[in-house]
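Colleague: Below, each chain spelled out in residue letters.
Number of protein chains: 2
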Amino acid sequence: MTITTTDPATGVTSDTGIEATTEAELARITEAAASAFTALRGYSRAWRAGLLRALADGLEERRGELVAIAHAETGLAETPRLNGELSRSAYQLRLFAEAVEEGGYLEAVIDHAGDTPLGPGPEIRRMLVPLGPVAVFGASNFPFAFSVAGGDTASALAAGNPVVAKAHPSHPLTSRASFDALRTAAEGYGAPAGILGLVYGQEAGAALVADPRVAAVGFTGSLATGRILLDIIETRERPVPFYGELSSLNPLIVSAGAVAARAGAIADGLFASFTGSAGQLCTKPGLAFLPRSATALVDAIVARAAAAEPQPLLNARIHDAFGAIRGRLLADGGADSLVEPHDGPAGITCSPAVLAIDASRVTAAVAEEAFGPLLVLALYDDPAEIAPALAQVPDSLTATVHAEPDEWDDLAPLLAELEATVGRLVFNGYPTGVRVSWGQHHGGPWPATNSVHSSVGVSAIRRFLRPVAWQDAPATLLPEELREDYTGIPRRVDGVLTLATLGE
Amino acid sequence: MTITTTDPATGVTSDTGIEATTEAELARITEAAASAFTALRGYSRAWRAGLLRALADGLEERRGELVAIAHAETGLAETPRLNGELSRSAYQLRLFAEAVEEGGYLEAVIDHAGDTPLGPGPEIRRMLVPLGPVAVFGASNFPFAFSVAGGDTASALAAGNPVVAKAHPSHPLTSRASFDALRTAAEGYGAPAGILGLVYGQEAGAALVADPRVAAVGFTGSLATGRILLDIIETRERPVPFYGELSSLNPLIVSAGAVAARAGAIADGLFASFTGSAGQLCTKPGLAFLPRSATALVDAIVARAAAAEPQPLLNARIHDAFGAIRGRLLADGGADSLVEPHDGPAGITCSPAVLAIDASRVTAAVAEEAFGPLLVLALYDDPAEIAPALAQVPDSLTATVHAEPDEWDDLAPLLAELEATVGRLVFNGYPTGVRVSWGQHHGGPWPATNSVHSSVGVSAIRRFLRPVAWQDAPATLLPEELREDYTGIPRRVDGVLTLATLGE
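Each protein sequence line maps, in turn, to chains D and E. Read in order, the letters of the first sequence correspond to residues 1 to 504 in this note's numbering. Read in order, the letters of the second sequence correspond to residues 1001 to 1504 in this note's numbering.
Hints were generated in silico from the structure; no laboratory data involved. The model shown is predicted, which means the values in this text are computed figures rather than measured ones. Hints are not guaranteed to be accurate.
Said to hold, decoys possible - Pulled from the structure, derived: some chain D residues nowhere near chain E, Cβ distances all over 10 Å:
#	residue
1	E23
2	E98
3	P172
4	A356
What the hints assert, rightly or not - Quick list of the computed label-pair ranges, beta carbon to beta carbon:
#	chain 1	residue 1	chain 2	residue 2	range
5	D	D410	E	R1227	45 to 53 Å
6	E	T1498	D	D409	44 to 52 Å
7	D	A303	E	H1112	35 to 43 Å
8	D	G114	E	D1410	25 to 33 Å
9	E	D1299	D	H112	32 to 40 Å
Stated by the list, open to error - Covered stretches of chain D, going by a simulated chain E footprint (3 or more residues, C-beta under 8 Å):
#	stretch
10	103-113
11	126-140
12	235-243
13	418-427
14	451-463
15	474-481
For glycine and all other residues, C-beta sits at the position ideal for the given N, C-alpha and C.
Throw the hints in and build the complete structure from the sequences for me.
Modeller: Dropping the structure here:
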């Protein structure tokens, strides 16, 4: 089977010349990854940090080519969108390089032998070690930062694992070009063969998840596909961790005070946030609670949306789902249409849609995530209507609240409810434009993501690591980081956290 | 349906007078847990540390009664076994109290707002928050330390979650008495009602795992039951984390040098380790690789096992499985019997069994975990036979190696293989007698446990926590630990780890 690609700007589908990966090829790729995993044990953290930087450099060296290919496959703007995203991918790799050098992520602990309240205790030394080959399934909407060269790949490699990525059907050429750039850089750096693999086609993807050599799966995509992959994992003889980011509605709440203070700025910000990248962002605010009295704010959002030109969507599936979900929101959800979307003259495009509903009438039927520039306004008479409405909708990656200082006390109970249902709370800002940093958390309760870990930020590395304890081990058999005189990383010694000493 | 209990020492089953929990009662218990979860948000870490210490005190105050009840239900010796286990349960609670006070477990991170290589970044503050009500399924073999008052309960409470435990069918009265002791202590401390719940019966246990109010499940038990609970979780509208410790063979390897240096000590130690608590420990070494030339060592183990009296097993199911698995090891696994076990005159008892096989003939059929005092000796001519044999057996919680200093270099490749398949490596010791400490790791790849987390040691708390990030939050809306001037816990600020300052 040959893989095709479609340019959303024109709607033209063409043959890539790439064949779907066969069973035999998949076995060769995962076997090579397993061998690379063994080989990687022989390299230091410093070496791995260098590898990550080499990969970042490799991406940037081919920036022009990569961005052009991605533009033709996604319809996303070259500047600032795709260039910014490629920079983010490179930055992620370099941030993980820093984290690998710093070493705190190893969670090193030393408990010396000695008497305890329960009697004599042996020496226990513990740190995290890599899991094994990681399968990475990227998303259509981030051809760099959540795909072959994205955060799952960066964090899995940083942890010391090989990666086998599945090429995204919506950007197979970008997947291949990213892979080539990474592989060339890895080879140039002297990394073991098999550290990076790429497979094409749905069947190969399913077989990859079932492959016994695969030790974990990172996935960003739809709830339906995520459930299919989870089912495959459950049929494995040995289940493995599945880290899925599956869907997110990202409620946003605007208080009466915020409307009074800055309705114009909120109209601008909210419009930009729900239509940026044609609304195809995991953190797009899809449901905004506004006071019913905020007619000027509603009018401003409606005016901007009505005046907006159609933008390319990533693929026909998203375009069709956009229309279907909008139809369900109107028919089953009981929403009213404030701005009708329309397609452009050519390609796979759509202009923004705005719907409205009474906050008291929000149900699960109005809470379906619509990828694309669609916003539902939930109009409330009393802020007390918001929490019951939110109880009807699925949990999210983020929730956002706009309010004035004198309102926060009254909003505290609502904020507590929100905290229980999301991974990130945004105050007087917008959830899109996720900062990549040490503390970032891109997660949330199901279905926003695997609930206890993050797929963005330095702690994303924790997903691909597991603890090992060494009991009474001869010093020469310990990992360097656990030896008594090593001082290059933070460690917890007999319960007390100690910082790294300079000079290591 | 009324719950029964059996005294293994006599084999007599009696009615406990306890009714299985009904659907309506379960709903009331989980609803109370959900309310308690909300209430717990209002209490500080210092309060929670005090609660954990009050629970430890509560257990110890009723030590005599609890140990006597557990002895009658499990056949385990009152001293040192059950008294030691109750002390361990209390110690675990107090160790988590220390960890909660210390606060490093919160993984607090602050990224100040500022310019980044990708442009201006908002402020991000992150820490871990509790998941919600946790369902705890204890094990038959640790009526205190892995049951109602055990490590899952302690770590879930430490994280700030209510706990609903399922009473173990093999020790329902111990479950009830432990629960009463904990609840009385919690009430005396002023904890919110609903922070602790207990349910009885298999149906209630299944319904508990399916209950939408339950946010995570901790389970220690059989692979078969674990798979059933996992299947229930998969049918939930919102899956939740499942932390299962399901089975472990715990291979132990003795080198030729170790035999030459200390065969007698190894015979004593290995015999004690595989027969202690009648071999009913998750970390019992079930498969020991010995040089074929070590006939004196084999003879010593055989002599000790042949001379040993029958000991009570926990229940008839374990007794029957012990015989059935031993039969399969002989028939399907190709092992030879060196010591035939025999039952005692009364009750549910068994004496030790020792089997032997050529290391080169080890297959999955010889690698079934047998709960009870059973040891398979795998005799090797060449140490090179060990790694291929281990590749046939499931992954484990632990692996143990006995060797002399001049042998470690040659053993390095084998140690690397072992590290990939277990959670703890033990050197010149025994895997039983798990030290509870900051660095302990009781886990391993499937089916030893949920692979990336531990069920013993301070890091077990991480299973019941999830990250939340606050973006540009007003200071008054932040958790105390994330405010700018708070110095009471370790935090990572702009990428740099900072220690707590004294005096907070």
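Colleague: State for each hint whether it applies.
Modeller: These are the hints, each one checked on the structure:
1. E23: Consistent with the label, D:E23 stays out of reach of chain E, its closest Cβ about 23 Å off (over 10 Å).
2. E98: The claim is violated: D:E98 sits with its nearest Cβ about 7 Å from chain E, within 10 Å.
3. P172: 27 Å, holds
4. A356: For D:A356, whose nearest Cβ neighbour in chain E is about 27 Å away, the distance exceeds 10 Å, so it holds.
5. D:D410 / E:R1227: 45 to 53 Å: 48 Å, holds
6. E:T1498 / D:D409: 44 to 52 Å: With a Cβ separation near 31 Å, E:T1498 and D:D409 fall outside 44 to 52 Å, so the hint is violated.
7. D:A303 / E:H1112: 35 to 43 Å: Roughly 37 Å apart at Cβ, these two residues keep to the hinted range, so it holds.
8. D:G114 / E:D1410: 25 to 33 Å: Given a distance of about 31 Å, which is inside 25 to 33 Å, the answer is holds.
9. E:D1299 / D:H112: 32 to 40 Å: 37 Å, holds
10. 103-113: That given contact holds, which follows from 5 residues of the stretch 103-113 of chain D lying within Cβ reach (below 8 Å) of chain E.
11. 126-140: With 4 residues closer than 8 Å to chain E, the stretch 126-140 of chain D meets the three-residue bar; holds.
12. 235-243: holds (count 4)
13. 418-427: holds (count 8)
14. 451-463: Result for this restraint: holds, n = 8.
15. 474-481: holds (count 3)
The structure shown violates the earlier hints numbered 2 and 6.
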